[in-house]
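> Produce the entire structure from the sequences given, and follow the hints as far as they go.
2 protein chains.
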Amino acid sequence: MNRCLILQSEVQSFIERCMIAVGAKPAHAKSLADVLVAGDYRGHYSHGLNRLDMYVKDIKTKICAKDGEPVVINESVATALVDGCNLLGPVVGNFCMDLAMKKAKDVGIGWVVARGSNHYGIAGYYSMQALKQDMIGICLTNTSPLVVPTRGKECTLGTNPISVAAPSKDGDSFVLDMATSAVALGKIELHHRRGDEIPEGWGCDSQGKISTDPSKVLTGGGLVPIGGCEATGGYKGYGLGMMVEVFCGMLAGSQYSKHIRTWKVTDKVANLGQCFVAINPENFAPGFTDRMDDMLSLHRNLEPAEPGVPVVTAGDPERTNMKKCDELGGIPYHISVVNYMNNMAKDLGVNPLLPTERKVEE
Amino acid sequence: MNRCLILQSEVQSFIERCMIAVGAKPAHAKSLADVLVAGDYRGHYSHGLNRLDMYVKDIKTKICAKDGEPVVINESVATALVDGCNLLGPVVGNFCMDLAMKKAKDVGIGWVVARGSNHYGIAGYYSMQALKQDMIGICLTNTSPLVVPTRGKECTLGTNPISVAAPSKDGDSFVLDMATSAVALGKIELHHRRGDEIPEGWGCDSQGKISTDPSKVLTGGGLVPIGGCEATGGYKGYGLGMMVEVFCGMLAGSQYSKHIRTWKVTDKVANLGQCFVAINPENFAPGFTDRMDDMLSLHRNLEPAEPGVPVVTAGDPERTNMKKCDELGGIPYHISVVNYMNNMAKDLGVNPLLPTERKVEE
Chain E
1 MNRCLILQSE VQSFIERCMI AVGAKPAHAK SLADVLVAGD YRGHYSHGLN RLDMYVKDIK
61 TKICAKDGEP VVINESVATA LVDGCNLLGP VVGNFCMDLA MKKAKDVGIG WVVARGSNHY
121 GIAGYYSMQA LKQDMIGICL TNTSPLVVPT RGKECTLGTN PISVAAPSKD GDSFVLDMAT
181 SAVALGKIEL HHRRGDEIPE GWGCDSQGKI STDPSKVLTG GGLVPIGGCE ATGGYKGYGL
241 GMMVEVFCGM LAGSQYSKHI RTWKVTDKVA NLGQCFVAIN PENFAPGFTD RMDDMLSLHR
301 NLEPAEPGVP VVTAGDPERT NMKKCDELGG IPYHISVVNY MNNMAKDLGV NPLLPTERKV
361 EE
Chain R
1 MNRCLILQSE VQSFIERCMI AVGAKPAHAK SLADVLVAGD YRGHYSHGLN RLDMYVKDIK
61 TKICAKDGEP VVINESVATA LVDGCNLLGP VVGNFCMDLA MKKAKDVGIG WVVARGSNHY
121 GIAGYYSMQA LKQDMIGICL TNTSPLVVPT RGKECTLGTN PISVAAPSKD GDSFVLDMAT
181 SAVALGKIEL HHRRGDEIPE GWGCDSQGKI STDPSKVLTG GGLVPIGGCE ATGGYKGYGL
241 GMMVEVFCGM LAGSQYSKHI RTWKVTDKVA NLGQCFVAIN PENFAPGFTD RMDDMLSLHR
301 NLEPAEPGVP VVTAGDPERT NMKKCDELGG IPYHISVVNY MNNMAKDLGV NPLLPTERKV
361 EE
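Protein chains in written order, with full-length UniProt numbering: chain E, 1 to 362; chain R, 1 to 362.
For the record, the hints were derived by calculation from the structure and aren't laboratory data.
All figures in this text were calculated on a predicted structure; none of them were measured in a lab.
Hints may contain errors.
Stated by the list, open to error - Straight-line alpha carbon distances no greater than 25 Å define the calculated DSS-like cross-link-like pairs of lysine-lysine that follow: (1) K105/R <-> K102/E; (2) K258/E <-> K169/R; (3) K105/R <-> K105/E; (4) K187/E <-> K258/E; (5) K258/R <-> K169/E; (6) K105/E <-> K102/R.
Okay, here's the thing in structure tokens:
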């Protein structure tokens, strides 16, 4: 595949100029750019620059608010309910995570729930903010229905991700950032484009039957929860997806489950529910990072089932991707993404993305 | 199968008299009986009376402490670290859950972590305590290593369950209570006894390869995380299992991961780490139970993929089992379990289990 390399700072700046061009406040544009660049840098291209047109459209069509700041509407020393005021997801996310961390510094934990929010990129971006203050971060969000519950045939739950980040020694960490569906929609789309079958246990057809045909999953079918079909434990993934709703839509009083607008249809406001938690290990047993270090090392040093395919821990694949980007000196993007973005730039009247001269072969 | 019916109160009393006979304090014996009876009543026979001999042995051999009460060793308005003082798991569990609920009443959330604990039966018993006070309960525990991490071939994580209970209207609720392994060990053992193959995605052999032969899983192999192999998302279940350790062993400073003693080997104290959380919905958006009711109804009323096999929500299968017990007027046990228990009763010099006269055919 033909990819070209772009400096992180240039991706950041490009996202900011596009968002400012459609009327976003510079600080809000920066918040969005931060999380989209982090998504790409970590290798989650489905949640990075690739989705910029969605955010541009959200501000341009005014379906997402460009002015204002989130508001605390109910608060204790350890909890808060925040109205995201229909602002960009990252603006709401940063506000809530900062608040959660402040509370955790004071009383050991901060549990903050937001209503009136929007898509916010990778959940891991927010949970990882806690690492900077040597705390554990948790972040959950509900999303548009794409997942069919066990025994059903209709999509009623989003991919409802769970992210938990916990600090270890010397900047090392555990970073879980996973959808509660078996795989992301993007993986099914990729197989479809290539004309490949998908493994059993990724999705189902419109009758709720597990299917290996990506076109059936994409037209009328849906993703299945982690665990696949009922016999292999799919009901657990279904339960986890609904658990995310308990902490998001239920506590927040936002939209939830199948009441959330259809994916990619932006005819009404999203009003997503999100949950942000910070926990201070200092309120519990001393030696937290020593134990984390031992647990992570213990797993990374296990003898692998297949020689040369090492056991890793959550966050390691992303770490490898970031290292690759650092060595390359930028983030590699497919040329078609760059072309798409530069067409958008032309429409918005902003300077195009400037790729470095080097091409990357993969 | 030949089963006989026993009154719940008789099971409760039998467990109490066995435990008291080996020296447990009556209040501690009652706490254990409460949770074991709840396990059976809910249909989780692997976590009920069936395991009484383990608890009897723990007290008899003094590997578990029979005297004392748990102690708070670090506390804020919203958090606590508790030393379980090597007492019976349910004694520690009740103490911690009560403390978490008190804090949640005050400041909206209580996050309590215990070290020095022991097996405590079903995790759902503790999370469900919160329902009685119209709160959300969470309960997690680490356990002896039985699960092989993705790409590995050695058991390094327990079945590390996650339980979340959330109240709905009129006594209805969402009760997730699941191991982070694809299935429980008991399900593999059952297939093995019957001479049946297991579905792909339940366990692996000693080389870390997914196997459908239960004997290979039981001898040198292990359970696999929810999601099965790497291609079907098993790394997510592996991540969830480790997440449970972050909230249990890591925060508690107890044993963790492969440092926990081998399953069923009680040559040293367990020193398990456990996490108990209560969240008060009143600190968030009004109308929590209305939304819960809508979300649960919405799912239960979905058109099923297979006519006659209804979509259910977490806790519904247990509700069905409890209803069956209520209709029968007791809990049905296999005759071999009753005989086993009565042999134990003879050894301990206590009155045997008194089955009702009615036999139950299933």
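> Against each hint, give a clear statement of whether it holds in the structure.
Each hint, compared with the structure:
no.: 1; hint: K105/R <-> K102/E; verdict: holds (21 Å)
no.: 2; hint: K258/E <-> K169/R; verdict: holds (20 Å)
no.: 3; hint: K105/R <-> K105/E; verdict: holds (21 Å)
no.: 4; hint: K187/E <-> K258/E; verdict: holds (22 Å)
no.: 5; hint: K258/R <-> K169/E; verdict: holds (20 Å)
no.: 6; hint: K105/E <-> K102/R; verdict: holds (21 Å)
Checked against the numbered hints given earlier, this structure breaks none of them.
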